[in-house]
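Chains as they are written, first to last, in my numbering: chain A, 2 to 171; chain B, 535 to 1048.
One thing to keep in mind: the hints can contain errors.
Claimed, not checked - Heads up, incomplete: computed chain B residues facing chain A, CB under 8 Å, no partners named:
1. Leu615
2. Leu618
3. Gly702
4. Leu747
5. Thr877
What the hints assert, rightly or not - Straight-line C-alpha distance at most 16 Å; calculated EDC-like pairs for lysine to aspartate or glutamate:
6. Lys553/B <-> Glu572/B
7. Lys886/B <-> Asp935/B
8. Lys896/B <-> Glu605/B
9. Lys4/A <-> Glu872/B
10. Lys4/A <-> Asp935/B
11. Lys115/A <-> Glu105/A
Worth flagging that the hints you see were computed from the coordinates, not collected in a lab. Glycine included, each C-beta is placed from N, C-alpha and C at the ideal position.
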Amino acid sequence: MRKLLLQSLLRLPLTVSAPPPSEQALAELAAQVERAARRRLGRSLSIREVDAGSCNGCELEIHALNNVFYDLERFGFHFVASPRHADVLLVTGPVTANMKEGLERTYHATPDPKWVVAVGDCGRDGGVFAGGYACVGGVSAVIPVDLHIAGCPPNPMQLLAGLLALLQVA
Amino acid sequence: MTTKIEPIGKSSVLWDVLKTGQAIVRHHPWPRAIINPEAWYDLIQALAGGSLILLGLWGETDTVHLALYEEAGSTLGVASLPCLDGRFPSVGRRHSPAQRLERAIADLVGLQATDPPDLRPWLDHGRWPVAHPLGAARHPPRTLPPYAFLPAEGESLHQIPVGPVHAGIIEPGHFRFTANGEAVVRLEERLGYVHKGIEALLAGAPPERAARLVGRVSGDSTVAYGLAFARAVEAATETAIPERAHWLRALMAELERLANHCGDIGAICNDAAFALMLAHCGVLREKVLRASAACFGHRLMMDGIVPGGVAADLAAEGEKTLRELVAEFRRQFPPLVELYDNTASLQDRTVKTGFVRPALIKQFGCGGVIGRAGGRAFDARRQPGYPPYDRLEFEVPVLTDSDVNARVWLRVREVEQSLTLVEQILNRLPAGPVHADLNRLEQAGEGMALVEGFRGDVLVWLRLNADGTVARCHPRDPSWFQWPLLEAAIENNIVADFPLCNKSFNCSYSGHDL
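Next comes chain A alone, as it looks inside the complex (with noise of 0.2 Å):
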């Protein structure tokens, strides 16, 4: 261990250079963002991940964000284990029926101020899964959603962009 270790000490970082903000998704925040969220907050957010019925495929690029190369937390961002403590609510899936109370109940857990972020095409309006009799359709159709990611999945780097462009103006 101690060589494994030793060597990451001695061995650049592998972590890569910050992508800049997603453009449209600063466009999409400009309008909903209050000036006093960001002095209260400062600019550490805390993330509660919900999946709302994803495919998992979605889940798997979100903890990709975790590992060496994306390392969220350099930014101020950490995953947190309860919504009671967190600050962005990071949803995924077209919203099941059955989710459709599970999500509620975490926004309504969530202290304000708080942001929504819908990941991938299914988090925006079912994606592939819209249109069935198990699906309500996006994360919009079941609480106010103040940014979208699009992909399926987004890769990591999108995801970044992002929630980049959440930091600037919260």
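We have chain A already, so just place chain B on it with the hints.
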């Protein structure tokens, strides 16, 4: 149109029963027969006696289908029973692996098992706008009573409800623990939260849309599902695909296995608070995903496999990228294995934790890492097998300890096997086209495929209409026969070891809930 089923070679319990029925000619590559209730009972008897393995159980408007595997002789087949009065004799009463499948049939199709051991709904939480969405007639939604968990009685027992929203970046499901102090007395799972109604969406879909849907049944196994669906469509249309496509599909499948096994090994160690392994395994996983994106245009290779072949050929620099990836693994992976092997505090958490009795594994026909770490040497790449694996050299590692530690080691061994497979494929990749047009159907055709994903054997069964659209498609995730064993694995372990057990299983919620 009907013909007789002729068993090849030795006597087979399965085919002896199937040939009493009415065989469906346009069902490939394994036989399907419509059988009578007596034959159905014979099959239940054989399942309960252990001579047959349950591969799947699903319903259509007026029929239930039972997919079976017979290890002796490695034969597969589907038995179909017409349900005249909307009922069929319960398989779950004698053979518990069928119980949840029967509950799902009752929810989705409205066909009811006679005298079932468990009457509670499974996927239907009383929140759909319709009851029995795959059934013959549309029914108004059901109002269901609150879900009754199985009782666990005794002094000083307490319950711990967990989920559906979990405390990590994972899928939703509910776990109800009954604990005596720290020790888990009973775990009961309640799933269905991510039910997306995929089977209903598949009905009537053209093959391209259907392939996209099946490729999203469980995102981490998108290659395996894409492969199983494509092979089932090709079986139904009796289409032969170019040789190069077979090899590229296997290449994608092995990359998917590498990425997921790496992620799992790291995540299991992380659940024992050993974050160093997660960080290093995360680097390897990310490198596989980047190589996959460079070779096939998508990090998870979604929609890379299509009916008829693959969507695109290997990128120009693909071979070089993958050879570098394999070399990188050969440098970086062994020190991590050594680290795992030499860290006593980590092994203290994994050895003897989450033990599953091999008899249960056999009974449930549990595949994948969990099965092979518990002595069940089943790998769909070998048996029934599919190209190009019949021309590749690889081992199917099997361990017998059946604990979290064995499941880590099995993944380690499979990573090594996948590396040699990637190399062999690169060395021998045939030239030529990568896609063929599907044969046109003159009338409805049926096909099925069994494919080894990283999690276990993925089954896809389908019937195509004469115009090529999907009439009915049933994808069955390996998790159906793994989730119930998690309940057994955690018994008498401490609550704090549940994340370890759960991660070492890594069942799919989405694949199961469908």
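Worksheet item: What hint numbers does the structure not satisfy?
Response: 1, 2, 10
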